[in-house]
Amino acid sequence: MDLSDISNAAKKAFADIEFPHRKDEYWRFANLKAWGVDGLLPFFASSQPPKGQPCQKARLIKEGLGGVALTLSDGRPGILKVPEGAQIMTMGQAYAANARRLQEFFMSATGKLDMFEATRAGDGVFVCIEEGASVELDMAVFSNAHISAAGAYFLLKKNSKLRLNKTSITFGGSLSSSRFGFELEEGASLEYAQAKFSDRAALMFEREDFYLGDSSSVVDAMSQEGLADSRSERNFNILGRGVSLDSRAFIKASGDTVADLRTKQIHRVGSSKSNLAVKAALDDSSALAFTGLVDVCEQAQKTQAYQSCRALLLNRDALAQASPILEICANDVECSHGCAVAEPDAEELFYMRQRGLPLDIAREMIVESFAATTFALLPDGLKLRAL
Amino acid sequence: MQQGQDTFDVDRSAGDFKYAEDYAYDAGVGLNEDVVRYISKVKGEDEWVLNFRLSALKAFEKMPNPTHWAPKKLDELDFSKIRYYLAKSQQKKRSWDEVPDDVKQTFERLGVPEQERAFLAGVDAQFDSESAYTNMKEHLAKDGVIFCDSTEGMRRYPEFFKKYFGKVIPISDSKYSALNSAVFSGGSFVYVPKGVKLKQPLQAYFRINAESFGQFERTLIIADEGAELMYMEGCTAPRFETGTLHSGVVELVALKGAKIQYVTVQNWSDNVFNLVTQRGMAEEDAQIRWVDCNIGSGITMKYPAVILKGARARGEVVSIALATTKQHQDTGAKMIHLASGTTSNITSKSVSIGSGRASYRGLVYMAKNTSGCKNNTVCDALLINANSRTDTYPAVVCGGENNSVQHEASVSKINEEQIFYMRQRGLSEQEAVSLSVNGFVNDLVKEFPMEYSVELRRLIDLQMEGSVG
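Chains as they are written, first to last, in this note's numbering: chain L, 10 to 396; chain Y, 7 to 475.
So here's chain L without its partners, still in its complex pose:
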């Protein structure tokens, strides 16, 4: 089987997979007007793709990314600089040495949109961080075409360390489908900051899979803002002992957009720890749709797993929808989840207004302090670039 075989198998599977529907628990709160057949069809019917208005903010973000080492534009890689200790290859170049790994990665797609990305398995990049190396990498993903797919696979070999900063922009009129895999071998460490922005009349889909080996660690922070609906699927597969995972996300939504986030913390092996925190500030008539799963398998004793979802409602038309799920099949574990939805604290607003701050500035400060902890565990350099 080569990459074209994977691509052909994915095309066949894509036709057979149903469009997202309400009976799928993981699409329960999603905006199916956008992600159902009626929403997706205009992008696939290429004769008249949706047109987005040019967005100044998206252009400015792109212009500010001058020094990135790696870009993916509609899946086409642009390798501008290869840091020491890293190898960056096209999928075609990497396939011979990593055939089984990549087959499993692409064929693990189960939904309409991640399977669509697999139909373009030949595009995208493969990044390998050599054993014991410590690498910093800036990366940008642009989606311009009316259907755009981008994929990347990161292999972090034993005791290596990657500091990754990723910026994703989906421009107006584009349906982007991205897929990223992160495989961490024993003792490897990933510090990962990412910022995502989607323009008007776009749809942004991204799936990320993390495969975490013994004693590996991930510190991950994501910020997301946009003018269009988005869907992020993040699967953390904890396959080794002594894994430490800290994943945080901050979503700022406005207009009538629905920010959809689905996470899975899957503990296959015990004695590991995972902590996932999602925060959202929702303005206008925007909505959050969060579904999170903590899955602890029978043999994963001594697991510690936490999950939290907190939403701030900035407008009476905003809507927070959350479903934090626990499925626990082992008894010697510590697992918990929490979910809270509320408006900005009235006393805090009163305090700031008494000191002369206008209401909108006071609310903005509350949102900023609410979001501040998202990047708290990342080193300053990575934090600043992401922000």
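Hints listed in this document are in silico derivations from the structure and should not be mistaken for laboratory results.
For every residue, glycine included, the Cβ atom is placed at its ideal position computed from N, Cα and C.
Take the hints with a grain of salt, since some may be wrong.
[Said to hold, decoys possible] Take a look, some chain Y residues computed to stay more than 10 Å from chain L by CB distance:
no. : residue
1   : W54
2   : H145
3   : P207
4   : T248
5   : E407
[Said to hold, decoys possible] To be clear about the criterion: a stretch of chain L counts as covered by chain Y if any three or more of its residues have a C-beta under 8 Å from a C-beta of chain Y, and this derived list gives those stretches:
no. : stretch
6   : 30 to 40
7   : 227 to 237
[What the hints assert, rightly or not] Cβ pair distances, simulated, as ranges:
no. : chain 1 : residue 1 : chain 2 : residue 2 : range
8   : L       : Y360      : Y       : G445      : 54 to 62 Å
9   : Y       : N408      : L       : E34       : 24 to 32 Å
10  : Y       : N382      : L       : E34       : 23 to 31 Å
11  : L       : Y360      : Y       : N448      : 38 to 46 Å
12  : L       : E307      : Y       : Q430      : 29 to 37 Å
13  : Y       : K374      : L       : E113      : 43 to 51 Å
14  : Y       : K374      : L       : A385      : 30 to 38 Å
15  : L       : H30       : Y       : N408      : 32 to 40 Å
16  : L       : S378      : Y       : K168      : 55 to 63 Å
17  : Y       : V384      : L       : V46       : 36 to 44 Å
Here the structure of chain L is known, so what remains is to put chain Y in place on it, guided by the hints.
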């Protein structure tokens, strides 16, 4: 506690007995329009009730089992092998002396007449499809309180039934509410007039005696403005070779300023499918409280709900679930906030023993046009053995102004230091674990009426037998 040491020998002697099946009325096996017409004819119902049943049958036949989210075990239910209506008599009894001997002995062994004398305002005892005995203290009737079985209630008080029946839980709410609406029989009808406050609880006791039988009681409770009542139900069945279905529907209506407390303790045998729909509607300043204990059954799916329709209404669910080997307790709560200033509270505790599985499934919904609503939900789960399982599936939908929702859930095992402490003081491991489990649920057990809470502690001790060793 290790896997493989979870064999149980639970003493179910209190409910595990049966008498010979000799029924005067039997609708046969399987479900079709003739069965529905037979039930309606035997009960002498008005045409509007028959039409209600027939439209429910159509809805039931169209709806699939909800196995896209619910346990796949539901597909094991074979509706064509169930008996939908069995009754010994159509005559209601007001005295235990009039009740047939075998039925009377059944309820005597379960302690129902004794409880009636000791602390109850009224009792409704249902044997398979029909109520065998209904009685209420005389002074309550003088106050205008109505307490009878649903069949009698429908015949004598159609004005209440036409207004409220099937309105809180419509026919097409789910496959099982449609099934109940098609073949319902028995259950209680309670009406408490304006300002009347019942000091003692009313109790219903549901008993399944026949094999391959489905019990479909339908309860409607209306508390008029400022009225207050507590209603308690208990359920048992002997253990049969084939599965038994219990699919009740309970509708509560609390009018302005009324308070209803509904207490359930179910201890069905472990091959009963217990699929119950319970929902209350609370008007302005009204309060509805579900206190729910699920100990028996093979699978329970029950999510008591409160629709907070009037301003400042309050809803509460207090729930305990014990799942032992081969049991799945899929329970939870729903709070639907449709008016401003409404508040709700959900407290759920579950214990999974052996390969038992306890799931919490809940929904808190706050509509966009509401303000000042509050909800707090706490779910705690305790896992006893290495192969025990627990799940939590909450859903929160919150819009509106100045509304807040808080949900938290935790999963833990028995504290080893606690066990060590108790063993140092001479308790066996079994006793120590049992005491620890009782301590875990203690704050909720206290919410039950005293007579029930004593029984609950005893049942929990029985369930724990054999879980360690």
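* **Numbers of the earlier hints that this structure fails to satisfy, in rising order** => When the structure is compared with the hints, numbers 5, 7, 8 turn out to be violated.
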